[in-house]
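Q: The listed protein sequences derive, respectively, from chains Y and H. Counting along the first sequence from 1, when you hit position 20 you're at 19 in numbering that gives the first Met the number 0, and nothing is skipped either side. Counting along the second sequence from 1, when you hit position 6 you're at 5 in numbering that gives the first Met the number 0, and nothing is skipped either side.
Don't read these hints as lab results, they were simulated from the structure. Just so it is clear, the structure is predicted and the values come from calculations on it, not from any experiment. Glycine included, each C-beta is placed from N, C-alpha and C at the ideal position. Any given hint might turn out to be false.
Which residues of chain H face chain Y? A partial, calculated answer using Cβ under 10 Å [stated by the list, open to error]: (1) T59; (2) I63; (3) H107.
Derived BS3-like pairs (lysine-lysine); straight-line CA-CA distance at most 27 Å [as the list claims (entries may be wrong)]: (4) Y/K122 with Y/K110; (5) H/K96 with Y/K72; (6) H/K82 with Y/K255; (7) H/K89 with Y/K72; (8) H/K109 with Y/K285; (9) H/K113 with H/K89; (10) H/K82 with Y/K72; (11) H/K89 with Y/K179; (12) H/K109 with Y/K110; (13) H/K77 with H/K96.
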Amino acid sequence: MSDYIKENLNKDGIDRRGFLKCMAWVGTGTLCVLKGGVLKSYALSDVMQHKVGDFKGDLSFVQISDSHIGFNKAANPDVTATLREAIAKVNALATPPAFVLHTGDLTHLSKPSEFDTLAESLKSLKTERIFYVPGEHDVLEDNGGMFRERFGKDSMGDGWHSFDRNGIHFIGLVNVMNLKPGGLGTLGNDQLEWIKKDVSGLKSSTPIVVYAHIPLWAVYPEWGWGTDDSEQALSYMKRFGSVTVLNGHIHQTMQKVEGNVTFHTACSTAFPQPQPGQADSPGPMKVPDDKLRQVLGITDVNFVRGNQSLAIVDSTLA
Amino acid sequence: MKNTRWMLAAVLTVLTAFAGIVSTQPGLVAKAADGPASAQIKIDNFTFGPTNLTVASGTTVTWINNDDVPHTVVSDDKVFRSKALDTDDKFSYTFTKPGTYNYFCSVHPKMTAKIVVK
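Using the sequences provided together with the hints, build the complete structure.
A: Pasting the structure below:
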């Protein structure tokens, strides 16, 4: 089945078919493959339908998001179980991911016991390392101190960080702190300054992967699905040939390409949220029990040198 | 027990009706003769309801979160600030100074509202 958007009626980068597909992904992940600077994503549930060679690259990594450990309402009374299923999905990949990115909302209420359950569950991930950025649900207490102590020891400021792997520069950003009344996600001046410096010494041919919790593009500002100062952050990356932005927060997959930048959001491993504007609020959405695992997922990314593109594969738990 | 609850409910209904009668403005909660006034704001579907509320000085306002996700109640000027309120959690603040208090949810900052104290 094609992953391309056929009808973009609401100019929101998602059509009914795409949405339903995503809704088939709750509890799954996304496979991302970087090929020649373009990130392609596939639902993990679709990975089986492709040949292994389709995804094989110089580097593979996985994005998981929005685990919401501690949530126990109707939309998913057992979020730990679906997280475990997502982990099993990652561990079953033909090419083990070099590392895993968790794009925030590890927990639902920032409780120590929730962080413990998350950390304990992720120990079974077959990968070298997990990088984390916080979601707004991870910084409810202590101004995010508990999150940084456990998951952001090597990071700067509120938890931002960067690293290089296989010639790709990865930047983890925090846009869930010090939110202003009426506003969206915020990076803030300190972080913007740091981003500017962080990319200043890089060659323009370096592929860049940016990850943060709240989307760095205006998915649906009415529901707070965007970041006020993301344009300034991305302005520092204009000279680069390939920029891939990976986000969570909206519990559904969406993709948009704008110039040199590919934006992609991942499914949650916990519960789905409604399509923009298609409900009274962006709260957890209850789907029939036998459909839940079709709307949770993981994201796998592969990078192929020479081809210069990232292939992103989203896959569902079902 | 059931009878006691009924009695309580009846008394509350009478009190509420009384508060309604002595109110001079829509949305203004008057101070009852036999105790301090109170008002409630419900958080439903990522909205504070009512969004604009006028109360008399001395009124205790209680917020209750009816959503499946946590919210906070934070005044723009940091006059009051709740912890994260999980489903059914409450937060109360007694307004003793007249003025306009703009507040928002620091988790979902698109959620804004206002309390005017007369």
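Q: Each of the hints needs a verdict: does it hold here or not?
A: Structure-based check of each hint:
no.	hint	result
1	T59	violated, 23 Å
2	I63	violated, 16 Å
3	H107	holds, 6 Å
4	Y/K122 with Y/K110	holds, 19 Å
5	H/K96 with Y/K72	violated, 39 Å
6	H/K82 with Y/K255	violated, 36 Å
7	H/K89 with Y/K72	holds, 18 Å
8	H/K109 with Y/K285	holds, 23 Å
9	H/K113 with H/K89	holds, 18 Å
10	H/K82 with Y/K72	holds, 20 Å
11	H/K89 with Y/K179	holds, 23 Å
12	H/K109 with Y/K110	holds, 24 Å
13	H/K77 with H/K96	holds, 14 Å
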